[in-house]
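Engineer: Produce the complete structure using the sequences and hints provided.
Here are the chains, one letter per residue:
2 protein chains.
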Amino acid sequence: MKSAANAVVLLSGGLDSATILAIAATEGHRITALSFRYGQRHARELDAAQNLATAAERHVVIDLDLRAYGGSALTDDIDVPKDRTTADMANDIPITYVPARNTIFLSHALALAEVEGAGDIFIGVNALDYSGYPDCRPDYIRAFETMANLATKAGIEGTMPVRLRTPLIDLSKAEIIRRGVELGVDYGATLSCYDPPATEILTHCGGCDACYLRKKGFADASIMDPTVYAP
Amino acid sequence: MKSAANAVVLLSGGLDSATILAIAATEGHRITALSFRYGQRHARELDAAQNLATAAERHVVIDLDLRAYGGSALTDDIDVPKDRTTADMANDIPITYVPARNTIFLSHALALAEVEGAGDIFIGVNALDYSGYPDCRPDYIRAFETMANLATKAGIEGTMPVRLRTPLIDLSKAEIIRRGVELGVDYGATLSCYDPPATEILTHCGGCDACYLRKKGFADASIMDPTVYAP
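If you're matching them up, the sequences are chains A and B in order.
Just so you know, we're using numbering that gives the first Met the number 0 here: the first sequence kicks off at 0 and counts up by one.
Just so you know, we're using numbering that gives the first Met the number 0 here: the second sequence kicks off at 0 and counts up by one.
No wet-lab data here; the hints were simulated from the structure.
Which copy is meant is left open, so a pair is good if it fits within one copy or across any two.
Subject to a maximum C-alpha distance of 30 angstroms in a straight line, what follows is the list of computed DSSO-like cross-link-like pairs (lysine-lysine):
| id | residue 1 | residue 2 |
| --- | --- | --- |
| 1 | Lys214 | Lys152 |
| 2 | Lys81 | Lys152 |
| 3 | Lys81 | Lys214 |
| 4 | Lys215 | Lys152 |
| 5 | Lys81 | Lys215 |
Structural biologist: Right, here's the structure in full:
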């Protein structure tokens with residue numbers, strides 16, 4: 000399917016968002032990539048986002064200080080949990096959960112979509128290998144879409160209903176990686192780690208939940224993992 | 000009704016938000032007031048918010064640059080329309096509409112509510128004298144609430160469902176003012192104007208939609224208008 004329609008792609012710089020960017024590009028969209036500097040300790044992911052965004056028409060980086068709210072290991076001085084297994088992750092919502100983060104990110108994407116006349120917002124959420132975050136589930140996504148179409152001028156006037164596009168939602172990490180490799184995504188240029196060493200760009204800690212799922216994804220897909228993990 | 004429950008109150012510094020702050024206080028909530036510095040040309044409303052917030056336990060001001068999106072007379076170099084009537088306002092969504100603004104504000108309120116353990120979020124939307132903004136209507140509010148309860152850890156775990164409290168939604172501006180006066184709100188300390196003169200704090204232009212509705216509200220309520228309008 001080729002179309003010249005405008006789309007907004009939420010681009011964190013991680014593996015999932017790099018894949019949805021490639022999917023949106025394959026569909027022929029004119030892409031505005033949207034990233035956030037939100038006080039994340041893994042702000043190095045923005046370096047990755049910047050590089051990946053060369054595939055987009057425009058890259059908007061919004062400053063948002065989510066540290067003002069607190070309550071997450073991703074933004075506060077709380078240790079990022081290490082060496083957990085999939086079973087551990089299934090049992091609770093982890094401390095790396097940032098309160099209402101996807102809702103805040105999608106709200107900004109909605110504003111940008113309205114201004115740009117974009118009908119599609121791509122977000123790389125994943126209900127399978129998803130670390131237990133509530134705002135990654137299909138029910139949540141549908142509810143946001145319903146709300147979004149009541150929120151905007153374009154939605155009300157019926158000129159531009161907005162669709163939340165979640166092409167990864169039912170895929171395993173291995174399936175995501177296979178799809179991305181087919182589309183030519185360079186996963187060596189992405190950063191998934193929640194707690195990357197300060198010293199080098201794109202080096203992963205290897206022990207946080209995001210690194211665990213990433214490693215496992217490449218192993219399950221039987222695809223060579225190009226990631227540099229800290230020793 | 001008295002309760003010691005936590006609540007988040009969206010506080011712009013205008014007439015409506017001053018009224019909901021007083022309503023939340025009367026209900027006995029422990030209040031966190033939330034305001035935004037979003038690139039609004041009427042940033043003077045934050046001076047009003049700061050003063051009003053003395054009634055709250057805590058006042059959080061978030062910096063958000065909505066100018067990055069553009070498309071509104073409230074944030075861009077577009078003239079604020081003047082001397083429109085209610086009939087004019089009923090006919091379209093005005094240029095002062097900021098794309099997805101309430102969605103962005105409510106998303107941040109949701110994050111703060113989750114961190115503070117607040118079950119109530121107060122927002123001073125108004126479906127009657129509402130300037131034609133889509134994100135002030137009851138359908139929108141209910142859709143946001145549904146989404147919010149799927150978005151958060153507390154919602155998922157069922158420990159703290161969130162309620163969007165819109166005590167002004169069915170009231171006319173005159174009824175809002177009467178209610179506020181009963182509760183002792185000092186409307187002379189609020190700022191509604193979209194285009195306040197740069198010279199003085201709390202002076203209103205007298206010609207924008209917000210000033211029109213404010214003036215008309217005091218007149219309809221037969222209550223002396225304490226507002227200083229620019230000559």
